[in-house]
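Trainee: Sequence:
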Amino acid sequence: MERAESSSTEPAKAIKPIDRKSVHQICSGQVVLSLSTAVKELVENSLDAGATNIDLKLKDYGVDLIEVSDNGCGVEEENFEGLTLKHHTSKIQEFADLTQVETFGFRGEALSSLCALSDVTISTCHASAKVGTRLMFDHNGKIIQKTPYPRPRGTTVSVQQLFSTLPVRHKEFQRNIKKASV
Numbered sequence: 001m002e003r004a005e006s007s008s009t010e011p012a013k014a015i016k017p018i019d020r021k022s023v024h025q026i027c028s029g030q031v032v033l034s035l036s037t038a039v040k041e042l043v044e045n046s047l048d049a050g051a052t053n054i055d056l057k058l059k060d061y062g063v064d065l066i067e068v069s070d071n072g073c074g075v076e077e078e079n080f081e082g083l084t085l086k087h088h089t090s091k092i093q094e095f096a097d098l099t100q101v102e103t104f105g106f107r108g109e110a111l112s113s114l115c116a117l118s119d120v121t122i123s124t125c126h127a128s129a130k131v132g133t134r135l136m137f138d139h140n141g142k143i144i145q146k147t148p149y150p151r152p153r154g155t156t157v158s159v160q161q162l163f164s165t166l167p168v169r170h171k172e173f174q175r176n177i178k179k180a181s182v
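In terms of our numbering, the sequence shown is residues 1 to 182.
Errors might be hidden in some of the hints.
To be verified - Pairs of lysine-lysine, PhoX-like flavour, derived with a Cα cap of 25 angstroms:
| hint | residue 1 | residue 2 |
| --- | --- | --- |
| 1 | K86 | K142 |
| 2 | K142 | K40 |
| 3 | K40 | K179 |
| 4 | K40 | K171 |
| 5 | K40 | K57 |
| 6 | K146 | K86 |
| 7 | K146 | K171 |
| 8 | K57 | K178 |
| 9 | K59 | K40 |
| 10 | K179 | K86 |
| 11 | K171 | K59 |
| 12 | K146 | K57 |
| 13 | K86 | K40 |
| 14 | K142 | K130 |
| 15 | K40 | K130 |
| 16 | K178 | K86 |
| 17 | K179 | K57 |
| 18 | K178 | K40 |
Since the hints were derived computationally from the structure, they do not count as laboratory data. Here the structure is a predicted model, which is why all the values come from computation and not from measurement.
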């Protein structure tokens with residue numbers, strides 16, 4: 001790509017902040033780089049929840065759906081709001097806590113990043129709950145729908161249309177998956 005020469009009389013472009021939504025999408029694309037990193041993050045969440053059984057389901061090689069189900073501890077209702085918000089975690093409160101971390105995840109970035117890059121639905125049931133709950137999230141990690149959902153203890157995270165909010169990355173993802181599946 002050739003760069004047009006600018007004349008010295010042309011005003012310089014002003015340096016401005018990038019809007020928060022765009023920053024979140026860009027940074028999320030650095031946390032979840034591929035199908036394998038998305039699956040890795042979800043499986044590690046299951047392991048951190050004490051799961052002894054983890055099921056992985058892919059639809060169209062992960063292009064349409066990535067779903068990880070576990071029999072871990074589930075999520076308590078009081079934690080629903082922060083579940084997919086950036087830098088919300090049950091693992092640490094401050095930097096000094098990092099010396100005590102014994103889990104895979106602790107930064108509070110994986111689910112938030114997946115929300116920014118795709119359509120995320122989570123169904124979960126904690127041992128203290130009488131019935132499970134199904135949560136649908138917007139791309140900012142905010143709950144847009146919450147409904148009772150019968151299920152055993154544990155959590156299922158469904159990720160649809162990975163990278164759909166980044167059109168070029170989404171197209172490349174689809175192309176690479178199709179190449180790899182041939």
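Trainee: Taking the hints in turn, state whether each one holds.
Mentor: Here is what the structure says about each hint:
Distance hint between K86 and K142 is fulfilled; the C-alpha atoms sit about 10 angstroms from each other, no more than 25 angstroms. Among the hinted pairs, K142 with K40 is consistent with the structure: their alpha-carbon atoms are about 23 angstroms apart, no more than 25 angstroms. With a C-alpha separation of about 21 angstroms, the suggested pairing of K40 with K179 holds against the 25 angstroms cut-off. Distance restraint check for K40 and K171: the Cα-Cα separation of roughly 22 angstroms lies within the 25 angstroms cut-off, and the hinted pair is therefore satisfied.
A distance of roughly 13 angstroms separates the Cα atoms of K40 and K57; the hinted pair therefore holds under the 25 angstroms criterion. Proximity of K146 to K86 is assessed by CA-CA distance (about 20 angstroms); at most 25 angstroms being required, the pair is judged to hold. About 31 angstroms separates the Cα atoms of K146 and K171, which puts this hinted pair outside 25 angstroms; it is violated. For the proposed pair K57 and K178, the alpha carbon gap of about 17 angstroms is at most 25 angstroms, so the pair holds.
In summary, the hint linking K59 to K40 is supported, as the alpha carbons are separated by about 17 angstroms, within the 25 angstroms threshold. Annotation: proposed proximity of K179 to K86 is violated, straight-line Cα distance about 33 angstroms (limit 25 angstroms). Between K171 and K59 the CA atoms are separated by roughly 17 angstroms; this keeps the pair inside 25 angstroms, and the hint holds. Between K146 and K57 the alpha-carbon distance is near 23 angstroms, which keeps this suggested pair within the 25 angstroms criterion.
At roughly 18 angstroms between alpha-carbon atoms, K86 and K40 fall within 25 angstroms of each other, so this suggested pair holds. In summary, the hint linking K142 to K130 is supported, as the alpha carbons are separated by about 24 angstroms, within the 25 angstroms threshold. Using a Cα cut-off of 25 angstroms, the hinted pair K40 and K130 is violated, with the two alpha carbons roughly 30 angstroms apart. Of the supplied pair hints, the one linking K178 and K86 is violated, its CA atoms being roughly 31 angstroms apart against a limit of 25 angstroms.
Proximity of K179 to K57 is assessed by CA-CA distance (about 20 angstroms); at most 25 angstroms being required, the pair is judged to hold. Between K178 and K40, the direct Cα distance comes to roughly 20 angstroms. Compliance with the 25 angstroms bound is thereby established for this hinted pair.
Of the hints listed earlier, those the structure fails to meet are numbers 7, 10, 15 and 16, in rising order.
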